[in-house]
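Asker: For what it's worth, our numbering labels the leading residue of the sequence shown as 383, then goes sequentially.
If you're looking for bench data, these hints aren't it; they were derived computationally from the structure. Idealized CB from N, CA, C, for every residue including glycine. Treat the hints with care, as some may be off.
In silico DSS-like cross-links for lysine-lysine, where the CA-CA straight-line distance does not exceed 30 Å [what the hints assert, rightly or not]:
{"#": "1", "residue 1": "Lys706", "residue 2": "Lys727"}
{"#": "2", "residue 1": "Lys663", "residue 2": "Lys706"}
{"#": "3", "residue 1": "Lys663", "residue 2": "Lys759"}
Derived Cβ-Cβ restraints for the label pairs, each shown as a range [to be verified]:
{"#": "4", "residue 1": "Gly686", "residue 2": "Ile538", "range": "49 to 59 Å"}
{"#": "5", "residue 1": "Lys733", "residue 2": "Arg687", "range": "23 to 33 Å"}
{"#": "6", "residue 1": "Asp698", "residue 2": "Gly589", "range": "20 to 30 Å"}
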Amino acid sequence: MQSSVPVDGVSSADSNRIAPIGPELVRVEALEPRQFLSATRIMPLGDSITEQFAPRESYRYYLWNSLQSSGFRDIDFVGSLRGVLGGAPADANFDLDHEGHTGWRADELAAKTEEWARTFRPDIVLLHVGTNDILQGQSVASTINELGQIIDCLRIGNPNVTILFSKIIPNQQNPSATAALNDAIPNLVNQKNRSESRVILVDQSAGFDLNRDTFDGLHPNESGERKIASRFFTELQPLLSNPAPAPVPAPVPTHVPLTGTTFLNELNWSSASNGLGPVEKNRSVGEGLPNDGQTQSIRGRRYGRGLGTHAGSRIDYRLDGKQKWFAAELGIDDETGGGGSVVYKVYADGKRIFSSAIIRGTDPVQLIKLRIAGVRKLTLIVSDAGDGSTNDHANWANARVVSYVPSRLTI
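Given these sequences and hints, build the entire structure.
Answerer: This is how it looks when you write it as structure tokens:
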């Protein structure tokens, strides 16, 4: 492969080649999580999609904070680089170490990977490589060969390394070659997977929207960074030791006595399930990580209280039967850019008392006020509208119960 100038104008590494891939091993199934005895060393390895440009934080920021907030605090991001390219990230409150080299191709990264692996001995590697190869006209076959070399070099530093191997996010410059590379990656993952050194496929291309998730048709914006972080987070969780336990809240009775107006975000639900990530309190559902949503917004109006859900979701609350009204403002969050379509339903003691028409991402807020006198179980459900659940980020804004009959219930 001939060395060429990186597409983003940043100097790349020496393009020395290393030995071809050796014999491959077959796929191994039913693998058990491995326990690490000290801080788990995680190396984000890639190009500018890993490094990112100031003042953006990169997907590493969102991944780090999701790990911390979920109790995975014994984590150490490792690598020879720190921060982002061209300055400081807007929020530097995360582990800044990484091996994201802007403009580098797979062969250039392969030439340095053994050195990095010996130096930092990562337990887990987050690999997203191949974009610059495609943009610089390298063949899929040569890129796959060099991606295999990267795996071999990582194992020199740690024979038990686990590699989360990404299908690359799409780009506007060469979508057909990008798709061809992504089609070839699963076979490489299967060939390289070992019981003692797992290679796990992470499909970063699925659901990644160039218009919504990049700022230039190539590099992720905040929405794209959150999506990349979410997919890595999903695969990381079963690999990591048990998270630190969260503080145990004071016990609450099964049936919560309420007085006055009580917002549901202030209560513990008895059960909850969600179509994407956890149900969020006082924010939108985001991209599937805990606490990754934003302040709820429906048609430009922002809400400081509420429940963020994704179709299909269900939330159950136990009441004491003294509440008279349930009220909320319903709508798909503005973070979808007008996408999504859902149906809201409310059940009282198992009996349906409300079902909305289809609510779309461009529809105005729908205000509801439902009588729930004597009800002891309140159930909130969001389902998709029969067209799939993409962008079905449904807010129950200002969701609340009222324990008296005011002269005027403001909704």
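Asker: Decide, hint by hint, whether the structure agrees.
Answerer: Okay, the hints, checked on the actual structure:
no., hint, result
1, Lys706 x Lys727, "holds (18 Å)"
2, Lys663 x Lys706, "holds (23 Å)"
3, Lys663 x Lys759, "holds (20 Å)"
4, Gly686 x Ile538: 49 to 59 Å, "holds (52 Å)"
5, Lys733 x Arg687: 23 to 33 Å, "holds (27 Å)"
6, Asp698 x Gly589: 20 to 30 Å, "holds (29 Å)"
In summary, the structure agrees with every hint in the numbered list given earlier.
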